[in-house]
Amino acid sequence: MAVIKGRDISFSYGSGKKTLDHASIRAEAGELIALLGCNGCGKSTLVRHLNALLPLQKGELRVAGLDARAQANCWRLRRQCGMVFQNPDNQFVSSVVEEDIAFGLENYETPEEEIPTRVRAALAAVGMSGFEKRAPHLLSGGQKQRVALAGVLALNPDIIVFDEVTAMLDPQGRREVLGIIDRLRAGGKKTLVMITHYVEEAVMADRVYLMAGGNVTAQGSPRDILTDAALLAQNGLLAPLPVRMYEDLKAAGVPLERCPLTNEELVEELCRFA
Amino acid sequence: MSALPAGQFFPGQSVLHALDARAKLLGFFLLLAGVVCAASLPAYAVAFAAAGALLALSRLPARAVLAPLKRLWLFFVLIFAMNALFYERGDALWSWWIFRLSKAGMAQGANVAARVALMMVLSGVLTGTTAPMEITGALNALFKPLALLGIPAQEIAMILGIAIQFIPTLLEETDTIRKAQIARGARFESRSLWRRAASLPPLVVPIFLSAFRRADDLATAMEARGYRGAANRTHRRARPLRRADWFALALCTGVCALHVVLRVCVAF
Amino acid sequence: MPFCLEEVSFTYAAGTPLAVQALRGVSLRMEAGEVLGVMGHTGCGKSTLIQLLAGLLVPTHGRVLLDGQDINAPGCDRAALRARVGLVFQYPECQLFEITVAKDVTFGLKHSGLSPAQKEERVRAALETVGFSYERMGAQSPLALSGGEKRRVAIAGVLAARPEILIFDEPIAGLDPMGRERFLALVRRLNAQGTSIVLVSHNADALAQCADRLLVLKDGCVALEGTAEQVFADVEAARRLQVDVSTPRALGQMLTQRGVAVPAGAVTYEGLLSVLKERFCAGGNP
Chain A
1 MAVIKGRDIS FSYGSGKKTL DHASIRAEAG ELIALLGCNG CGKSTLVRHL NALLPLQKGE
61 LRVAGLDARA QANCWRLRRQ CGMVFQNPDN QFVSSVVEED IAFGLENYET PEEEIPTRVR
121 AALAAVGMSG FEKRAPHLLS GGQKQRVALA GVLALNPDII VFDEVTAMLD PQGRREVLGI
181 IDRLRAGGKK TLVMITHYVE EAVMADRVYL MAGGNVTAQG SPRDILTDAA LLAQNGLLAP
241 LPVRMYEDLK AAGVPLERCP LTNEELVEEL CRFA
Chain B
1001 MSALPAGQFF PGQSVLHALD ARAKLLGFFL LLAGVVCAAS LPAYAVAFAA AGALLALSRL
1061 PARAVLAPLK RLWLFFVLIF AMNALFYERG DALWSWWIFR LSKAGMAQGA NVAARVALMM
1121 VLSGVLTGTT APMEITGALN ALFKPLALLG IPAQEIAMIL GIAIQFIPTL LEETDTIRKA
1181 QIARGARFES RSLWRRAASL PPLVVPIFLS AFRRADDLAT AMEARGYRGA ANRTHRRARP
1241 LRRADWFALA LCTGVCALHV VLRVCVAF
Chain C
2001 MPFCLEEVSF TYAAGTPLAV QALRGVSLRM EAGEVLGVMG HTGCGKSTLI QLLAGLLVPT
2061 HGRVLLDGQD INAPGCDRAA LRARVGLVFQ YPECQLFEIT VAKDVTFGLK HSGLSPAQKE
2121 ERVRAALETV GFSYERMGAQ SPLALSGGEK RRVAIAGVLA ARPEILIFDE PIAGLDPMGR
2181 ERFLALVRRL NAQGTSIVLV SHNADALAQC ADRLLVLKDG CVALEGTAEQ VFADVEAARR
2241 LQVDVSTPRA LGQMLTQRGV AVPAGAVTYE GLLSVLKERF CAGGNP
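Chains as they are written, first to last, in the numbering used here: chain A, 1 to 274; chain B, 1001 to 1268; chain C, 2001 to 2286.
Keep in mind the hints are simulated off the structure, nothing from the lab.
Keep in mind it's a predicted model, so treat the numbers as computed, not measured.
Even glycine gets a Cβ: it sits at the ideal position worked out from N, Cα and C.
Where hints are given, some of them may not hold.
One-sided and incomplete, this derived list gives chain B residues near chain A with beta-carbon spacing under 7 angstroms [what the hints assert, rightly or not]:
hint, residue
1, Pro1132
2, Leu1170
3, Ala1224
4, Arg1225
5, Gly1229
Pair by pair, the computed Cβ-Cβ distance ranges are [as the list claims (entries may be wrong)]:
hint, chain 1, residue 1, chain 2, residue 2, range
6, B, Ala1257, C, Asn2072, 53 to 59 angstroms
7, C, Glu2006, B, Arg1243, 56 to 62 angstroms
8, A, Arg272, C, Ala2192, 38 to 44 angstroms
9, B, Gly1185, C, Gln2021, 39 to 45 angstroms
10, C, Ala2079, A, Gln71, 57 to 63 angstroms
11, A, Lys133, B, Ala1219, 22 to 28 angstroms
12, A, Glu114, C, Glu2270, 39 to 45 angstroms
Please put together the full structure from these sequences, using the hints given.
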């Protein structure tokens, strides 16, 4: 069942140049899709339609059964589709963690008695139990993003969008956040949309959408998209290291068979050969 | 940043740390009102004793709380001099051109300087013992009755809260931008006032741009989490004040009342 | 032009209850023309270190020496020192403020005593170094540019002063693959022209590619120092210091554990590729 169904979405910020040009996107319930592309390719603009942060100018879009064109659906859409943003510092409304997580719950008029339980559950889900009373600005980048995610999880949305959430983090923070995205994916209850320009992150997705110049230029399984070095290069991206290594070794005459996607697969392939 | 910013919070376990922020904020306003009333030596004795006692009770590092006073010494000298030399009433002790030194003027100068100093110590103790978020919460609670008058109290409290939560980030960013421009040859430390003024745009423009960008990002993030104004939100019930809080409030009221009495009964 | 730190310590908010010691007795020597990579977990003292190098902070203990002269000694001309050391902060694109790109790049030359024609020449050269044409770019508003372009303009603003030593704090954070490659090419080009470069980065792959020497900080101390081959040799040690080894080195380690021995020195893509080619191609050549 498609949870996100968007067709021919076009959008311009008013300067005449189209930021999105007939982009189409689709996500099935419970899958993780990755939107992969260079800076400025329209990824963020596209996902901001999913929760009606941007109005639909042209095209069709249904999210969680709601028509994104109807203004009346705006609030319900935002509840169904949570979003975590790139800059970990710019998404907190309170200087104390538990109050920040409660913010969304209060917006949807959750009864006061229910709030502490849901805040605790959300923090536990991102491995941040015990941080209730802390100040967000004193946390590490990875912890900030986990708190921001807890703020979204507390609302129990069907869909969660991650808008380049690892771009400003150090390797440790990236691992923390990616680990949680992977756990959510394994849970299979949420539909996840991940925007990234790191090809290595797109490997964990069920399906990859490649974007360039406001268009979806290709889509398919990570294996189809990420092993196609020429296609990635056309879109301004570099193939993952294992793919490049495989191509270069093959060009040098090493008869490897299966193109590896991850470091583990590359090691496996080389060991099998050796 | 080798010096701490004024109003820095120091976590601790003192009696003052433990009080409810609403009681502290109300008590602070009562004491301020008292300070404003003070105009005689006994009144200042009471006020300074109260401030000193609070500073001792808070167990804050006195040096850090009093540092802003030290940094503003020129300001105090100026306040005193302006009042002493330009006060119109009272007999002139000495006068030349537009200057006119008078006893009443000196008293007035000492008054203003002492009041500002007291206010700074009191606010230093308040912010030193109360986490910023507790102050926002307290403001929020104290603002609530204003809603009855049609003032958007919740919105104001929310704006204050967000502003407070952004202060550390913006301070840090200001520091970075300042350093970046110094590294490129900007001379903020120049003693010439003119040069200093000319060196402001490299600092102010990026800070404003960044503040706007952050505000924009935050507004988007708030909308994404379903914010649509304060009206349709869960309203939290306030926690009652404890006995210690009432006791502290009573003490502050007492001090304030004493000041009023002193004002009425004791002439300078 | 050796650049040295001698037993440098630094404490923030010294003398208050909130004092934090960021560096503890760090000694370091930088040779002319080298690229020094600095790694370490968040809060290890990297930012403090580069601000000390640039003369923006004064050490609590110890000395910072440029050409044997203590840069914080009374009577030392700090402005002259700052002209010799260029510092590009993290996200420098946030520090642009002028109405045109050319003006912004010129800002650092304000007190240089150069003639307007010389300044324009410097700005032109700096913009060309980062891949922009003065004619096409000079009159544009920095605000109208994309994030990556803004960052290049900001870098040009530091290059215009022609510093002998360039310090970059997390220069590739947030850049997409093209931006990353372009930046690394810039570092190589500047270094080939004789500029010494300090690169602070979490990106082990990028550092393995272009740093002559690496410094790993932990809790304000130098925990490890050497070439990328030496620093990444012990994968476990690096992990204990909370830094990544380069991906090719990690792959080499995995292969070695599986019985396909790869020397620890293969820390770059090219290095690993040639090892694997030699190992798997008959006679080393196809």
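Hint check results:
1. Pro1132: holds, 5 angstroms
2. Leu1170: Violated, because the Cβ-Cβ distance from B/Leu1170 to chain A comes to roughly 10 angstroms (cut-off 7 angstroms).
3. Ala1224: holds, 5 angstroms
4. Arg1225: holds, 4 angstroms
5. Gly1229: For B/Gly1229, the interface hint is violated, since the closest Cβ of chain A sits about 10 angstroms away, which is over 7 angstroms.
6. B/Ala1257 with C/Asn2072: 53 to 59 angstroms: The hint (53 to 59 angstroms, Cβ to Cβ) holds, given that B/Ala1257 and C/Asn2072 are roughly 55 angstroms apart.
7. C/Glu2006 with B/Arg1243: 56 to 62 angstroms: holds, 59 angstroms
8. A/Arg272 with C/Ala2192: 38 to 44 angstroms: holds, 42 angstroms
9. B/Gly1185 with C/Gln2021: 39 to 45 angstroms: Since the Cβ atoms of B/Gly1185 and C/Gln2021 sit about 30 angstroms apart, the hinted range of 39 to 45 angstroms is violated.
10. C/Ala2079 with A/Gln71: 57 to 63 angstroms: Since the Cβ atoms of C/Ala2079 and A/Gln71 sit about 58 angstroms apart, the hinted range of 57 to 63 angstroms holds.
11. A/Lys133 with B/Ala1219: 22 to 28 angstroms: This hint holds: roughly 26 angstroms between Cβ atoms.
12. A/Glu114 with C/Glu2270: 39 to 45 angstroms: violated, 58 angstroms
The structure shown violates the earlier hints numbered 2, 5, 9, 12.
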